[in-house]
Amino acid sequence: MAIDHRQHHLESIRSTLSLFIYPLQYAVSLPFSAADWAGDKLSTRENLLEENAQLRTQQKLLMAQLQKLSALKVENIRLRELLKSSKNITEHVLIAELLAVDLEPFTRKIVVNKGSGDEVYRGQPLLDAEGIMGQIIHVNPFSSTAMLITDPNHAIPVHVNRNGLRAIALGTGAPDVLDIPYLPNSADIEVGDLLTSSGLGGRFPRDYPVATVTTVVKDPSKPYAVVKAKPTALLETSREVLLVWSQESPRYAAADANKQETSDGSTPNGSTASEETSRAEINP
Amino acid sequence: MIEAQRQGGFIIFLTFVVALVLTMIPLPDWGEAMRPEWVALVLIYWCIALPLRVGVFIAWFVGLFLDVASGALLGQNAIALAFVAYLAIKLHLRIRLFPLWQQAMSVLVLVALYQMITLWIKGMIGATTQGWSYWLHSVSSMFLWPVVFTVLRFLRRNYKVR
Numbered sequence: 001m002a003i004d005h006r007q008h009h010l011e012s013i014r015s016t017l018s019l020f021i022y023p024l025q026y027a028v029s030l031p032f033s034a035a036d037w038a039g040d041k042l043s044t045r046e047n048l049l050e051e052n053a054q055l056r057t058q059q060k061l062l063m064a065q066l067q068k069l070s071a072l073k074v075e076n077i078r079l080r081e082l083l084k085s086s087k088n089i090t091e092h093v094l095i096a097e098l099l100a101v102d103l104e105p106f107t108r109k110i111v112v113n114k115g116s117g118d119e120v121y122r123g124q125p126l127l128d129a130e131g132i133m134g135q136i137i138h139v140n141p142f143s144s145t146a147m148l149i150t151d152p153n154h155a156i157p158v159h160v161n162r163n164g165l166r167a168i169a170l171g172t173g174a175p176d177v178l179d180i181p182y183l184p185n186s187a188d189i190e191v192g193d194l195l196t197s198s199g200l201g202g203r204f205p206r207d208y209p210v211a212t213v214t215t216v217v218k219d220p221s222k223p224y225a226v227v228k229a230k231p232t233a234l235l236e237t238s239r240e241v242l243l244v245w246s247q248e249s250p251r252y253a254a255a256d257a258n259k260q261e262t263s264d265g266s267t268p269n270g271s272t273a274s275e276e277t278s279r280a281e282i283n284p
Numbered sequence: 285m286i287e288a289q290r291q292g293g294f295i296i297f298l299t300f301v302v303a304l305v306l307t308m309i310p311l312p313d314w315g316e317a318m319r320p321e322w323v324a325l326v327l328i329y330w331c332i333a334l335p336l337r338v339g340v341f342i343a344w345f346v347g348l349f350l351d352v353a354s355g356a357l358l359g360q361n362a363i364a365l366a367f368v369a370y371l372a373i374k375l376h377l378r379i380r381l382f383p384l385w386q387q388a389m390s391v392l393v394l395v396a397l398y399q400m401i402t403l404w405i406k407g408m409i410g411a412t413t414q415g416w417s418y419w420l421h422s423v424s425s426m427f428l429w430p431v432v433f434t435v436l437r438f439l440r441r442n443y444k445v446r
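Which chain is which? The protein sequence lines are A and B, in order. The numbering of the first sequence is our numbering, which starts it at 1 and goes up by one. The numbering of the second sequence is our numbering, which starts it at 285 and goes up by one.
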């Protein structure tokens with residue numbers, strides 16, 4: 001047990017045993033995915049049309065924003081080139097589905113249906129449409145276990161989007177509360193501030209939303225302010241999550257060639273941006 | 285001689301699989317807090333009913349699977365279940381004679397011990413828990429023991445598991 005906890009030599013044993021567990025997990029989550037599927041099949045035409053129209057307008061809006069974003073990205077890369085700082089901002093993503101299984105009580109972990117076959121690696125960040133969800137802790141052949149940012153053992157480096165104040169967001173075990181410790185009473189942080197990942201520590205990509213501050217209590221008799229935040233990601237309701245490969249990740253070099261094709265549809269912007277990077281490198 | 289009498293190993297295997305599945309089925313938050321320790325219950329039953337067949341080794345093995353299934357530290361449930369199996373086998377002659385409600389009380393103690401060991405291990409690696417509701421698992425296990433006992437006894441007699 002100590003070996004598993006401290007050195008992770010037993011990962012191979014764990015992933016072998018998980019081969020037997022995976023069919024069970026799959027069977028357990030089957031009724032839930034079947035219900036989803038049935039819901040999709042049985043929804044009426046009007047509903048579908050309405051949803052379709054909604055998605056269309058949403059997509060137009062997002063595309064418009066993306067146009068601006070890609071221009072900004074290229075500009076950003078050029079400026080960084082000028083400053084001679086080699087900071088990569090391209091990432092690739094893959095969509096994974098949650099398996100509907102419960103894990104240990106009082107921890108916040110989830111199982112997703114992508115494993116080492118899909119180049120998932122330990123410590124890989126996990127996002128949903130609204131923000132950062134957590135990171136992968138065990139990789140098995142067909143599935144992997146992820147720890148959510150609300151798990152009591154999880155901490156994520158963040159900064160306040162408004163002024164760049166650095167902090168750490170600790171999980172509490174409660175589904176929608178993060179604890180921000182060690183901020184002095186004089187710290188400039190307010191209710192409603194958006195906390196984004198700072199990228200320090202090198203595990204999470206920079207500048208993704210993590211949480212919004214919900215309470216700030218500044219008690220002069222205590223050394224630190226009591227700050228709580230609510231995760232922006234829909235940790236308890238998301239059924240699909242995004243796995244992110246950033247350029248610094250260990251498998252990136254190997255996965256790069258494959259991922260260009262597989263994730264081309266889902267992230268056209270990512271691939272164009274990486275082309276931009278390479279072009280910029282050739283012709284500074 | 286003893287080898288010839290053994291049969292129904294598949295049923296034992298199946299009950300453990302069902303217990304694992306019941307442990308993994310997603311429940312709403314209140315249900316999760318009340319979820320009985322299915323694997324421990326099934327293990328205790330087989331240890332009491334067939335102490336020569338199901339023992340510490342099988343408990344350890346099942347515990348490893350439970351660890352993987354629940355994403356816990358590898359060996360955490362294994363050692364706790366092995367301990368429970370040891371005690372259940374030690375006490376099986378006594379527990380067998382108890383009426384059902386009294387059996388349920390001893391199951392409460394055994395499952396609470398099981399939870400105590402996992403709590404110690406969790407405490408050692410720094411994972412916190414949420415107060416008294418942690419022990420609800422033991423209480424719900426106690427209330428479900430008569431059901432588990434009746435179902436498993438039916439299975440054992442019907443399929444002549446020895």
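No lab work stands behind these hints, which were simulated from the structure alone. Do not rely on the hints blindly, as some may be mistaken.
Unchecked claim - Keeping only pairs whose Cα atoms sit at most 30 Å apart, straight-line, the calculated DSS-like set for lysine-lysine is: (1) A/K228 to A/K218; (2) A/K228 to B/K444; (3) A/K41 to A/K60; (4) A/K218 to A/K230; (5) A/K73 to A/K230; (6) B/K374 to A/K230.
The hints, checked one at a time:
1. Restraint check: the Cα-Cα separation between A/K228 and A/K218 comes to about 12 Å, which is no more than 30 Å; the hinted pair holds.
2. Under the criterion of a C-alpha separation no larger than 30 Å, the hint pairing A/K228 with B/K444 is inconsistent with the structure, at around 58 Å.
3. A C-alpha spacing of about 26 Å is found between A/K41 and A/K60, which places the hinted pair at or below 30 Å, so the restraint holds.
4. For the hint pairing A/K218 with A/K230, the CA-to-CA distance comes to about 18 Å; that is within 30 Å, so the pair holds.
5. Between the alpha carbons of A/K73 and A/K230 the distance comes to roughly 29 Å, so the proposed pair stays at or under 30 Å and holds.
6. Straight-line distance between C-alpha atoms of B/K374 and A/K230 comes to about 50 Å, which puts the hinted pair past the 30 Å bound.
Comparing the model with each earlier hint shows violations of hints 2, 6; every other hint is respected.
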